[in-house]
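Trainee: Sequence:
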Amino acid sequence: MVLKIHNTLSGTKETFEPVDNNHVRIYACGPTVYNFAHIGNARMAVVNDLLVNVLRTQFEKVTYVSNITDIDDKIIDAAHELNEPIKNLTTKYTKIYNDDMGYLNVKLPDIQPHATDHISEMIDLIKKLIENNYAYEKDGHVLFHVPSFSKYGVLSKRNRDEQIAGSRVEVAPFKKDPADFILWKPSPDPLPGWGSPWGFGRPGWHLECSAMSEKTLGLPFDIHSGGMDLVFPHHENEIAQTCSLDDNHEPASFAKFWFHNGFVNVEGEKMSKSIGNIKLVHDLKNQYKGEVLRLTLLSAHYRQPLNWTKEIIDQNSKMLDRFYRSLKELQDVEISSDLVSEDIMESLLDDLNTPKVLAKLNTLSNTLSSADTDEKRNIKNNLIAAGKILGVMQEDPNVWLGYNQTSNPEKEEIEGLINQRNEARRNKDFKLADQIRDKLKSKGIEIEDTKNGTIWRKDS
RNA sequence: GGCUCGGUGGCAGAGUGGUGAUGUAGGGGCCUGCAAAGCCUUGCACAGCGGUUCGAUUCCGCUCCGAGCCUCCA
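With the first sequence counted from 1, adding 125 to any position gets you the working numbering.
Careful: at least some of the hints might be erroneous.
What the hints assert, rightly or not - With a Cα cut of at most 16 Å, we get these calculated EDC-like pairs of lysine to aspartate or glutamate: (1) 410 with 439; (2) 340 with 249; (3) 481 with 497.
If you are wondering where the hints come from, they were derived from the structure by calculation, not from laboratory data.
When you get a sec, could you build the whole thing from the sequences and use the hints?
Mentor: Shown next, in the form of structure tokens:
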């Protein structure tokens with residue numbers, strides 16, 4: 126079976142073939158750490174985590190790099206506002222980011238480089254670009270001269286001439302061309318910076334990813350990913366920088382596949398500060414389990430927009446409960462394989478078609494009620510194995526569903542009430558029995574009368 | 001204005017040149033004292049108009065509508 130992924134560079138789904146079959150290398154543009162991560166940041170992290178999981182089913186060695194941007198004007202502004210040292214702020218939010226993503230079962234990348242640890246690499250890169258006449262210095266700024274790069278716009282499929290007509294952005298006076306972008310800019314006191322041949326200053330945003338991806342993975346590597354909005358200008362500029370270093374203007378000489386995930390909207394609107402509808406993972410953690418959030422993020426194809434609403438979260442929460450109920454039903458069945466069926470793998474390998482995978486898992490678990498032992502084993506194999514790749518169904522079903530709460534402080538009271546109810550039922554005092562059940566329900570306790578007696582679960 | 005991507009059943013969301021997506025909500029039923037959970041069953045969706053075709057939701061064109069990007073942005 127082959128992995129096919131959509132390549133933004135070609136605009137089509139392509140068969141994935143690594144540069145080096147023995148070592149797949151992937152770089153994802155990570156967060157700027159000046160605030161809590163929102164659900165859009167999380168989608169990028171979850172989708173890339175999934176991609177890496179899928180790659181690992183096909184290739185022996187995969188190295189996943191995702192950076193932390195810890196120097197940026199937004200960070201400087203936030204630190205200034207909070208009157209806090211930059212380093213404190215970035216350390217704090219880096220930790221929060223990793224914790225929040227961990228809550229969503231996102232594994233840490235193999236390498237998580239920080240921009241501020243790579244300033245000298247960036248300076249070297251700039252020197253080389255100036256040497257090769259792709260960049261120039263003006264008033265303490267160093268700029269990349271976009272017209273010098275013949276392939277500018279191939280990724281975003283933009284023609285510069287068409288864009289400029291509609292552009293209303295005022296052009297900085299030190300730019301030779303309106304499209305030229307900053308590689309280095311001066312940091313007048315008290316702004317943070319580093320010494321450089323062009324004076325005390327700091328790097329432009331696009332530069333760090335060129336420096337860190339080359340250093341950690343080598344060129345060319347296999348997949349460069351990020352949110353859809355990074356296509357232009359961030360990735361376009363990265364391509365210009367990196368591909369100018371050796372005068373090879375082909376974007377594929379940097380990364381062969383360009384992988385971008387779609388946006389998350391909230392109640393049909395784009396998340397924005399002015400609307401005040403930014404959904405932070407930090408807050409969602411208080412309301413929902415990580416797997417519910419993760420499954421919701423995977424419920425639409427990664428390139429489609431995802432409309433974040435209470436309804437879809439509830440819907441996916443129910444789906445996950447159902448999967449866990451199937452697993453509970455299958456708890457005495459031994460799995461016989463830790464691989465998913467070819468059918469399900471095929472959908473995963475088809476550009477990470479998670480909605481189709483979920484549909485197939487549903488169809489499969491719907492056969493449970495009439496399944497024989499072999500079929501049951503097959504269902505469990507697939508739920509467990511697919512869950513591992515998707516990053517869900519990692520918990521004990523009884524724990525997930527709230528059964529067997531042996532350490533619940535109200536355990537004795539709950540079981541006392543259940544005994545009273547069963548006594549009332551034996552006496553055919555159904556009015557009292559129902560009152561007791563309502564009382565339990567108000568405590569969040571759901572009871573189920575089974576042929577083996579009454580069981581209860583804490584409804585979360 | 002330019003570029004890109006979309007419009008599928010109440011909602012969410014895949015997919016396909018001719019049969020069932022799937023989930024959720026709703027209807028009917030089984031089970032249950034009643035519930036819960038589960039099971040069975042039901043629903044005839046592919047924006048509009050043309051074209052290609054024996055046949056189009058699927059391909060092509062146009063129209064309408066929506067989203068994103070056009071140097072802050074996951």
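Trainee: Could you run down the list of hints and mark each one as holding or not?
Mentor: Consistency of the hints with the structure:
| no. | hint | result |
| --- | --- | --- |
| 1 | 410 with 439 | holds, 15 Å |
| 2 | 340 with 249 | holds, 12 Å |
| 3 | 481 with 497 | violated, 25 Å |
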